[in-house]
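S.K.: Starting from the given sequences, assemble the full structure and let the hints guide the process.
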Amino acid sequence: MTALSAAARLRQLLADQNQIITGAGTTASRLGQPDLGVITLNEMRQNAEMISNLDRFTPVIADADTGFGGSLMVHRTVTEYIQAGVAALHLEDQPTSKRCGHLRNKQVVAKEEYFSRITAAVIARKASGGDIVLIARTDALATLGYDEALARLKGAISIGADVAFLEGVTSKEEARQVCHDLSPTPVLFNAVSGGISPNLTATEARELGFRIIIFPGFALGPVYAAVSAAAKHLKETGSQLASRDDNPKNLFNVVGLREALAIDMASGENRFSEGV
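Residue numbers for the sequence shown follow our numbering, beginning at 1 and rising by one.
Note that these hints are calculated values from the structure, not bench results. Since the structure is predicted, the reported quantities are computational estimates derived from the model, not experimental observations. For each residue, glycine too, the CB sits at the ideal point set by N, CA and C. Be aware that a few hints might be false.
What the hints assert, rightly or not - Simulated restraints, written as ranges between beta carbons of each label pair: (1) Glu-274 to Arg-244: 16 to 26 angstroms; (2) Phe-252 to Ala-230: 15 to 25 angstroms; (3) Gln-83 to Glu-113: 22 to 32 angstroms; (4) Lys-232 to Gly-69: 40 to 50 angstroms; (5) Glu-113 to Val-276: 22 to 32 angstroms; (6) Ala-110 to Arg-244: 35 to 45 angstroms; (7) Gly-268 to Leu-13: 35 to 45 angstroms; (8) Pro-248 to Ile-123: 41 to 51 angstroms; (9) Gln-17 to Tyr-224: 34 to 44 angstroms; (10) Phe-218 to Leu-13: 45 to 55 angstroms.
M.R.: Have a look at this one:
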């Protein structure tokens, strides 16, 4: 039996209405800068490709920001994300000089420009011969209100987007409402710790009607806290924080050491037959 592609696997998961599937991180980790529209297509695609290739059958959802330009750039972005093995991307309606969806004073482009981005994405997917789940995101809620944001999402879905993403939901009531108003289209919830949206668990999001929940910063905070503590300890004591499990081999096991040794043995090269 042929294994499902990552995009096909994601579509299969979305088809189960009783389940829920559990950008700024790339900008922070790759560039060391805030999410203010400074990252490029190449940097985003390279990071998404690296993650996607760790396991070609685990669906990876990647941020595509505004598509990084006009319709031709949106077409290129979608094409390159498909080639990179990304299962889904979300495309938004902020101007190219965008900002994180949970910052204040956001702007959005005209509805017609947003729809042209979605159209270009649908055309690119069809022309590629591959597949990707298109998630239509709108940031219009904060500036233009719920009705306009809903109209944008409905328009994007009618063009060919697969999933709706209302950024900056401000209450559980609003969350339940958008899921109801867009049914049966799957709706995504963006769980940003400390952001403007309610702090929902995966179970709570499912009960409200969401089909996907993403936790875009779940690792950034803990990593920042741990590295800060380690750096402070090193500066103050001149030594590193360490534990019994803190050694190179344990780290390499996390990133595939056992699998690499198995490949070496199976190929007959046996460079590591005596262990490492």
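S.K.: Taking the hints in turn, state whether each one holds.
M.R.: Right, here's what the structure says about each hint:
Look at Glu-274 against Arg-244: about 25 angstroms separates their beta carbons, and that is inside 16 to 26 angstroms. Between Phe-252 and Ala-230 the beta carbons are some 19 angstroms apart, a value that agrees with the proposed interval 15 to 25 angstroms. A hinted range of 22 to 32 angstroms holds for the C-beta pair Gln-83 and Glu-113, which are about 26 angstroms apart. A hinted range of 40 to 50 angstroms for the beta carbons of Lys-232 and Gly-69 is consistent with their spacing of about 42 angstroms.
The hinted window of 22 to 32 angstroms between Glu-113 and Val-276 is violated, with their beta carbons roughly 55 angstroms apart. Take Ala-110 and Arg-244: their Cβ atoms lie about 59 angstroms apart, and the range 35 to 45 angstroms is violated. Checked against the hint of 35 to 45 angstroms, the C-beta distance between Gly-268 and Leu-13 comes to roughly 39 angstroms, which is consistent with it. At roughly 48 angstroms, the beta-carbon separation of Pro-248 and Ile-123 lies within the given 41 to 51 angstroms, and the hint holds.
Take Gln-17 and Tyr-224: their Cβ atoms lie about 37 angstroms apart, and the range 34 to 44 angstroms holds. Our hint of 45 to 55 angstroms for Phe-218 and Leu-13 is violated, since their Cβ atoms are close to 19 angstroms apart.
Hint compliance for this structure: hints 5, 6, 10 are not met, and every other hint is.
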